[in-house]
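**Q** So you can see what is in the structure, the chains are spelled out below.
Number of protein chains: 2
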Amino acid sequence: MNPEVLLSRIRVVLCRPSHPGNIGAVARAMKTMGMSQLYLVEPKQFPDPEADTRATGAVDILERAVVTATLGEALVGSVYAVALSARQRDLGPAIGQPRDAVADLLAEAEQGEVALVFGNETVGLSNEEILHCQAAVTIPTNPEFSSLNLGSAAQVLCYECRMAAFAGKPPVRSQGATPFASPAATHDEVEGLIGHLEAVMTATGFFNPLQPGRLLPKLRRLFGRVRLEKDEVNILRGILASTQVRTEHGRKG
Amino acid sequence: MNPEVLLSRIRVVLCRPSHPGNIGAVARAMKTMGMSQLYLVEPKQFPDPEADTRATGAVDILERAVVTATLGEALVGSVYAVALSARQRDLGPAIGQPRDAVADLLAEAEQGEVALVFGNETVGLSNEEILHCQAAVTIPTNPEFSSLNLGSAAQVLCYECRMAAFAGKPPVRSQGATPFASPAATHDEVEGLIGHLEAVMTATGFFNPLQPGRLLPKLRRLFGRVRLEKDEVNILRGILASTQVRTEHGRKG
Numbered sequence: 009m010n011p012e013v014l015l016s017r018i019r020v021v022l023c024r025p026s027h028p029g030n031i032g033a034v035a036r037a038m039k040t041m042g043m044s045q046l047y048l049v050e051p052k053q054f055p056d057p058e059a060d061t062r063a064t065g066a067v068d069i070l071e072r073a074v075v076t077a078t079l080g081e082a083l084v085g086s087v088y089a090v091a092l093s094a095r096q097r098d099l100g101p102a103i104g105q106p107r108d109a110v111a112d113l114l115a116e117a118e119q120g121e122v123a124l125v126f127g128n129e130t131v132g133l134s135n136e137e138i139l140h141c142q143a144a145v146t147i148p149t150n151p152e153f154s155s156l157n158l159g160s161a162a163q164v165l166c167y168e169c170r171m172a173a174f175a176g177k178p179p180v181r182s183q184g185a186t187p188f189a190s191p192a193a194t195h196d197e198v199e200g201l202i203g204h205l206e207a208v209m210t211a212t213g214f215f216n217p218l219q220p221g222r223l224l225p226k227l228r229r230l231f232g233r234v235r236l237e238k239d240e241v242n243i244l245r246g247i248l249a250s251t252q253v254r255t256e257h258g259r260k261g
Numbered sequence: 009m010n011p012e013v014l015l016s017r018i019r020v021v022l023c024r025p026s027h028p029g030n031i032g033a034v035a036r037a038m039k040t041m042g043m044s045q046l047y048l049v050e051p052k053q054f055p056d057p058e059a060d061t062r063a064t065g066a067v068d069i070l071e072r073a074v075v076t077a078t079l080g081e082a083l084v085g086s087v088y089a090v091a092l093s094a095r096q097r098d099l100g101p102a103i104g105q106p107r108d109a110v111a112d113l114l115a116e117a118e119q120g121e122v123a124l125v126f127g128n129e130t131v132g133l134s135n136e137e138i139l140h141c142q143a144a145v146t147i148p149t150n151p152e153f154s155s156l157n158l159g160s161a162a163q164v165l166c167y168e169c170r171m172a173a174f175a176g177k178p179p180v181r182s183q184g185a186t187p188f189a190s191p192a193a194t195h196d197e198v199e200g201l202i203g204h205l206e207a208v209m210t211a212t213g214f215f216n217p218l219q220p221g222r223l224l225p226k227l228r229r230l231f232g233r234v235r236l237e238k239d240e241v242n243i244l245r246g247i248l249a250s251t252q253v254r255t256e257h258g259r260k261g
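Chains as they are written, first to last, in my numbering: chain S, 9 to 261; chain G, 9 to 261.
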């Protein structure tokens, strides 16, 4: 696929950014590398003159930025997301190197919209947010001084995206298309499945919402790893629906 | 050679920087990637509080920075220098890609001190300065918006230096837990799950063994791809069993 088209499919999602200046710096970093889709989840202050100043010639990206209340909303319609995370999270995806992670991201962009997800400057992403992402990445830094700011981290990753998009040979993952393949499920379709499963598990008594334990994060991790296709989501929801009908029918009898 | 030693041999040389804030941003970018030797050729204003502010925890690099009157002085004792240049100069070295140029730089660092040379924010390096360098590099950018600032350009090149010094795999900090994982499920455990699922689907009427279609092969493909763990097989069979209990119970009622 055309490298510029691939780059245009990458959303940069900033979760709860505190400093408008950093939003501007990220917009500038994106635009220098040919990326344009900025999503802001609960920005502390936006729009803001400081963001415009730091963006310099990339104010158009700020003007088109999409502000959402949750990471889930920012990922609607996307098929793959990579989280920037300084540390490994329990149940979270294993943390990889930027170059490898970006190669995977670009490969997924052949199928649809993808996302690079950044956390708040101080506290990063929440564990729950990380579980919305299929992969995680850390930028390798000096162990004695790892203080990359948000703009610099975005610059490095956007640069890697551009390098990967133009690598001449599109990255080929070992899992290619197979005779059965259907298009990748979108984030919201997978969320629909998880919600459906939760309802069934609650109805059967397998899951107690008052004592949730780690069941839901474990299931979310499983679905995150498998990279479901649309067809598979439909099958799994069909199975779930069939158990519901049976249960209701049985109850009446 | 030890990667940290290689990184310690790279000088970052800023020629006639106009804005002290940029000097601070470069110091920070260097330190995050394990580099420490900053040379300033005729800085307009240095030292300066704005430089300290932008450097945050990298003020030590500013304190040890060497200020010189010419690029030649900043290169004394070095064996190789790469110039950042936005355009090809008459008689200047051919302009290459950052990754290739940095690989050469690190190879030369095995022999001695080397340098990455940046020009003034507005006018860049002079033709005469470029001729002090053995190689030249441009960071690839969006042709319609190539406005990388000095700090961002330094961040990208310092990151490439760290990647190259560690042969593409710099260690990432192993903070926190290892990813949650239970042992892989065995073939027979997965078969047990598929059999269980088939029984439930048959009981609910979702699956008709007389008209099987492609449902089972599709499910088998899904389970084959996800590489289930024991814990996950137990969860999924628990869910299936819970729907069975409910159905039976309902039937009796």
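Calculated from the structure, these hints are not laboratory results.
You may find that some hints are simply not true.
Treat identical chains as interchangeable: a pair holds within one or across any two.
As a list, the in silico SDA-like pairs of lysine to any residue whose alpha-carbon atoms are at most 20 Å apart [to be verified]: (1) Lys226 - Thr76; (2) Lys226 - Leu139; (3) Lys238 - Pro217; (4) Lys226 - Arg245; (5) Lys226 - Pro11; (6) Lys52 - Glu129; (7) Lys226 - His27; (8) Lys226 - Thr61; (9) Lys238 - Glu71; (10) Lys238 - Leu223; (11) Lys238 - Ser16; (12) Lys238 - Leu99; (13) Lys238 - Ala211; (14) Lys226 - Pro191; (15) Lys226 - Ser250; (16) Lys226 - Asp239; (17) Lys52 - Arg233; (18) Lys238 - Phe214; (19) Lys226 - Thr146.
**Q** Would you mind marking each hint as holding or not holding in the structure?
**A** A quick look at each hint next to the structure:
1. Lys226 - Thr76: neither (26 Å within a copy, 36 Å between copies)
2. Lys226 - Leu139: within (9 Å within a copy, 26 Å between copies)
3. Lys238 - Pro217: neither (28 Å within a copy, 24 Å between copies)
4. Lys226 - Arg245: both (18 Å within a copy, 14 Å between copies)
5. Lys226 - Pro11: neither (36 Å within a copy, 33 Å between copies)
6. Lys52 - Glu129: within (12 Å within a copy, 31 Å between copies)
7. Lys226 - His27: neither (34 Å within a copy, 48 Å between copies)
8. Lys226 - Thr61: neither (43 Å within a copy, 43 Å between copies)
9. Lys238 - Glu71: neither (33 Å within a copy, 49 Å between copies)
10. Lys238 - Leu223: Result: close only across copies, 14 Å inter versus 24 Å intra.
11. Lys238 - Ser16: neither (23 Å within a copy, 40 Å between copies)
12. Lys238 - Leu99: Only across copies: lysine 238 and leucine 99 sit 15 Å apart there, 24 Å inside one copy, limit 20 Å.
13. Lys238 - Ala211: neither (25 Å within a copy, 24 Å between copies)
14. Lys226 - Pro191: Between copies, since 14 Å is at most 20 Å while 24 Å is not.
15. Lys226 - Ser250: between (24 Å within a copy, 18 Å between copies)
16. Lys226 - Asp239: The answer is between: 9 Å across copies meets 20 Å, while 22 Å in one copy does not.
17. Lys52 - Arg233: neither (32 Å within a copy, 41 Å between copies)
18. Lys238 - Phe214: between (26 Å within a copy, 18 Å between copies)
19. Lys226 - Thr146: neither (22 Å within a copy, 35 Å between copies)
When the structure is compared with the earlier hints, violations turn up for hints 1, 3, 5, 7, 8, 9, 11, 13, 17 and 19 and for no others.
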